[in-house]
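Peer 1: All chains, full assembly: derive it from the sequences and hints.
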Amino acid sequence: MNNKKIEFLETYLSLYIGHQEVLEVAGPDSPYVILDVRNAPVQVKKEQIKSAKAIAAKDLSSSLDKLDKDKTYVVYDWTAGTTLGKQALLILLTNGFKAFELSCALEGWKGMNLPMEEIK
Amino acid sequence: MNNKKIEFLETYLSLYIGHQEVLEVAGPDSPYVILDVRNAPVQVKKEQIKSAKAIAAKDLSSSLDKLDKDKTYVVYDWTAGTTLGKQALLILLTNGFKAFELSCALEGWKGMNLPMEEIK
Amino acid sequence: MNNKKIEFLETYLSLYIGHQEVLEVAGPDSPYVILDVRNAPVQVKKEQIKSAKAIAAKDLSSSLDKLDKDKTYVVYDWTAGTTLGKQALLILLTNGFKAFELSCALEGWKGMNLPMEEIK
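Residue numbers (UniProt numbering), protein chains in the order written: chain U, 1 to 120; chain W, 1 to 120; chain P, 1 to 120.
Some hints could be false.
No copy is singled out in the list; a pair is fine if it fits within one copy or between any two copies.
[Unchecked claim] In the BS3-like style, the derived pairs of lysine-lysine whose C-alpha atoms are separated by at most 30 Å in a straight line are: (1) Lys110 - Lys120; (2) Lys110 - Lys86; (3) Lys46 - Lys4; (4) Lys71 - Lys86.
Just so you know, the hints here were simulated from the structure itself, not pulled from any lab data.
Peer 2: The structure is reproduced here in structure tokens:
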């Protein structure tokens, strides 16, 4: 049973990336592109993670030509409790992109007072 | 490794159903029955998802004769962070019922201002 | 597909332990040791679960000699939405310790008004 648990945890954790890893290499040459996949209009979202690219999860399958296979995408939704981030992640991985879910989602990022930006 | 991640995500996501899918076919002939599995007394719960059937997760194994194998059960607990919904889901699936966990749980439903009802 | 779902749920749920199980046998002879793995300084944590042992997840790999293979460790982080508890759990299990993640994390424990203690 322990082997099953270990394998489960390894796979589960391999889906995620932490904010430190993303922030350490932030900037124009970062290998990471933060992808805001929230299915909400701008007036509801109001702000996003600094320098994020916004493609709603519902539009992701039809927007893959806007993405770059040399980059690693870090998707996030409002909170860690939703399944939207994992839906987006599945679309990206099955289409051959490198991608992770942001650990703790937007909620965790804001809770740590990490850089945000207003959107219009 | 990517195949493992994809398989994991597919199985994980196959456990959940979103509120849209449930609401689109709401009504007396809906194939879905929303099942409130919170282990809390009525005075704590106060309200529930409109038209939900309430069977606490702790009573579910001994209440399976009240369920209908032609229906698909959509279980929910307070939040997505608890394991109670998954405990209920496991009981239902191992007993041959069709069932999903409601994505984002009661918290997400209320956050979207979807229909609720008072309970007494 | 149902077998896959059932196996997934069984493994997922096998990672967790509920507060009741821990509290029922609380005391100096308890088989359980609650392990606070939050990566935060004392002035941020301020309080912890009563009688918890604090080892930050980031220090866990280098602190395994402080743990007892006869005990069962119950790890917790702030909320159920983080991946830190699972990171700690993976370290413990791969090193041959018996361990679970506390279902609903500190958030759930406090939400139920279960015993806490100040830390200094």
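Peer 1: All the hints need checking, so say for each whether the structure fits it.
Peer 2: Taking the hints in turn, this is what the structure says about them:
Taking the shortest alpha-carbon separations for Lys110 and Lys120, both the intra-copy value of 19 Å and the inter-copy value of 27 Å come in at or below 30 Å. With identical chains, the CA atoms of Lys110 and Lys86 are at most 30 Å apart both within one copy (20 Å) and between copies (22 Å). Taking the shortest Cα distances, Lys46 and Lys4 never come within 30 Å of each other, neither inside one copy (42 Å) nor across copies (36 Å). When the C-alpha separation of Lys71 and Lys86 is checked against a cutoff of 30 Å, the pair qualifies both within a copy, at 18 Å, and between copies, at 27 Å.
Figure legend: structure checked against the earlier numbered hints; the only hint not met is number 3.
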